[in-house]
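S.K.: Start from the sequences and build out the full structure, keeping to the hints where you can.
When we follow full-length UniProt numbering, the leftmost residue of the first sequence carries the number 1, and every step to the right adds one.
Hint data in this document are derived by calculation from the structure and do not stem from the laboratory.
Misleading hints may appear alongside valid ones.
[Unchecked claim] In the DSS-like style, the derived pairs of lysine-lysine whose C-alpha atoms are separated by at most 25 angstroms in a straight line are:
no. : residue 1 : residue 2
1   : Lys604    : Lys676
2   : Lys676    : Lys617
3   : Lys564    : Lys536
4   : Lys536    : Lys565
5   : Lys604    : Lys580
6   : Lys565    : Lys528
7   : Lys580    : Lys354
8   : Lys528    : Lys517
Remember, predicted model here, so these are calculated numbers, not experimental data.
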Amino acid sequence: MDIALSPYQNKSVVESSSLPSTDVKNIQERPLVSGPHLLNIRKHKTHASRITCSFVEHGLHPKPKPKPLKSGYEVVKKEASLEESRQMKGSGSSSGLCGQIEKLVLCKRYRDALEMFEILESECQYDVHVGKSTYDALVDACISLKSIRGVKRVFGYMVNSGFEPDLYLRNRVLLMHVKCGMMIDARMLFDEMPERNLVSWNTIMAGLVDSGDYMDAFRLFLSMWEEQSEASSRTFATMMRASAGLEMIFPGQQLHACAIKMDVSQDIFVSCALIDMYSKCGSITDAQCVFDIMPEKTTVGWNTIIAGYALHGYSEEALDLYYEMQDSGVKMDHFTFSMIVRICTRLASLEHAKQAHAGLVRHGFGQDIVANTALVDFYSKWGRLDDARNLFEKMPLKNVISWNALIAGYGKHGRGIEALELFKRMIDERMTPNHVTFLAVLSACSYSGLSDQGWEIFESMGTDFKVKPRAMHYACMIELLGREGLLDEAFALIRDAPFKPTVNMWAALLTACRVHKNFELGKFAAEKIYGMEPEKLSNYIVLLNIYNSCGKREEAASVFHTLKKKGLRMLPACTWIDVKKQQHMFISVDKSKSDVQIIKNLKKLMLKIANHGYVPKKNSLLPDVDEQEEQMSLYHSEKLAVSYGLMNTTSSTQLQLVQSHRICADCHLAVKLMTKATGRVIVVRDASRFHRFEDGKCSCGDYW
DNA sequence: CTAGGGTTAG
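M.R.: Put into structure tokens, the structure is as follows:
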């Protein structure tokens with residue numbers, strides 16, 4: 001394949017919005033507010049520097065793979081002589097059995113079909129002649145059931161009875177292995193095929209992509225290209241997924257160019273794969289281009305572009321597209337609703353989420369496990385644990401992810417006992433926990449101060465559950481120790497970890513140092529983090545503040561200098577809140593432009609909480625934000641947002657805030673007391689965790 | 001002649 005020009009000019013990714021200069025703005029046109037600094041949006045890697053030339057130079061040489069690895073498959077084929085098996089045409093009932101199997105498959109009774117096949121297999125030692133149409137049906141049965149056992153038996157029978165499948169059936173058998181995830185066997189089958197066509201290639205490549213072996217898929221694609229220079233729209237759809245999986249835009253662009261040359265780029269599947277590839281490779285503008293020129297915008301097309309925007313953190317745009325999709329009259333499916341719920345989770349938008357929930361039920365996807373899990377996640381993240389629980393209990397099917405979402409919800413909101421109870425119930429119901437489950441359980445223990453239980457589980461996870469503790473689990477345990485002020489022990493855990501400590505682990509230690517005011521160790525941790533993530537703005541700020549706090553002027557100056565040199569600029573802290581289905585954004589700068597009403601209301605609130613014992617809190621000695629903000633903390637975006645929210649909602653409404661930065665100590669105290677004074681519930685998602693404020697208390701236990 | 005492809009949740 002030649003190096004081709006990019007089919008589109010490689011425009012820069014949608015620019016992040018410049019923030020409006022007024023403090024308060026009712027956002028009619030939704031700005032690009034949810035940038036990557038907000039929630040833990042997956043950050044796409046820039047491979048641009050590494051990808052400069054053609055496939056071959058990237059080690060993607062077409063390499064024929066030799067070696068059958070496993071016995072049983074290279075085998076016997078020839079041993080059972082053909083004539084022998086042919087003449088045993090099996091006593092009349094055989095054709096009856098085969099016919100029945102085919103009929104069962106037609107009625108989608110795959111289990112029964114396989115059972116009947118096993119009867120046939122066990123009763124007559126490969127005597128019965130099983131024909132092509134029966135094998136064809138059995139392939140369907142195995143694929144639908146993903147039955148590895150079935151695949152082995154069906155294929156075994158074929159080999160042992162000496163049946164010689166034609167190309168069509170070989171492709172089907174190959175597919176059967178691929179779909180059941182038996183890639184080693186599939187690869188062997190493919191390598192040993194006496195003859196192959198495009199279908200064979202496409203099948204094996206799709207299998208490799210499914211199992212994440214993107215490089216192998218590319219190698220195969222290249223050997224195919226060399227061998228017969230052939231490809232179809234299906235090939236491109238598959239290989240586009242490989243590029244997406246590798247997050248490498250360059251091969252994707254070349255494939256796109258090829259697809260255009262071969263006039264298949266407008267194919268509906270290729271278009272969708274292209275949209276997905278471009279967005280996963282970091283170019284949402286290219287994805288949008290492909291979407292715009294799609295001849296027919298299908299449900300999947302819409303879903304894919306919406307997912308693309310959401311992936312980049314452009315949640316508002318994604319939501320807008322969803323409403324456009326609604327207007328366009330295209331059918332929405334369970335993919336659509338699942339994504340929208342997830343987007344609402346990031347936007348903290350209860351109203352939109354409720355609508356999506358309703359739409360889900362109305363459109364008949366009320367049973368869908370993915371969408372329901374997304375809803376459980378939504379409700380539990382935003383502190384509506386009863387809603388989450390009810391929905392969860394009504395789900396006809398639950399998987400690990402559903403359990404994890406609910407457990408994490410209880411944990412995040414400081415209800416560790418219930419989280420542990422759920423975990424126990426999960427085990428009782430024979431659901432196998434995975435590493436995410438333990439993350440949820442351990443952080444629940446940490447948040448609720450259940451340190452004994454936490455340790456017990458941490459130690460049992462490797463032995464009893466065969467889940468090896470990862471860095472994040474260590475980070476949880478460091479936080480657990482940190483809460484108790486056991487800084488040396490926390491540090492020891494980092495030092496003795498069986499792998500290289502990660503940023504998260506150091507960050508947990510740093511938090512502990514900040515809360516317990518241990519500068520020396522804090523400085524050490526901050527320097528480590530700074531060294532590991534030199535591009536991240538917040539790390540400079542933290543380090544700067546630490547140096548200032550312990551009087552290390554020179555070091556502080558040097559950090560400041562680097563900061564300037566790199567041209568990193570501080571963004572103003574902002575908070576978003578949903579009021580009456582509208583998103584509002586507040587920024588902590590420029591008090592002169594603040595809305596008078598909001599400030600007046602805020603001052604009233606501050607007086608009110610003074611009666612509840614509010615004393616302005618100096619931000620801790622190692623704050624995240626610049627010192628100069630200290631006297632301005634009345635105008636912090638979170639206070640403005642709360643004030644606005646309280647003014648404009650009824651007294652039973654729960655407020656939900658999202659903010660770009662970690663909540664400051666003064667705001668934390670103020671909001672706590674405001675919930676006491678007003679009887680409201682306020683949930684804040686800050687840069688590091690959730691805070692559920694109710695009746696003068698916060699679920700974080702004043703540790704964050 | 002038949003077969004192979006695209007998008008969701010923690």
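S.K.: All hints are to be evaluated individually against the structure, with a verdict given for each.
M.R.: A quick look at each hint next to the structure:
no. : hint              : result
1   : Lys604 <-> Lys676 : holds, 15 angstroms
2   : Lys676 <-> Lys617 : holds, 18 angstroms
3   : Lys564 <-> Lys536 : holds, 13 angstroms
4   : Lys536 <-> Lys565 : holds, 14 angstroms
5   : Lys604 <-> Lys580 : holds, 23 angstroms
6   : Lys565 <-> Lys528 : holds, 21 angstroms
7   : Lys580 <-> Lys354 : holds, 13 angstroms
8   : Lys528 <-> Lys517 : holds, 18 angstroms
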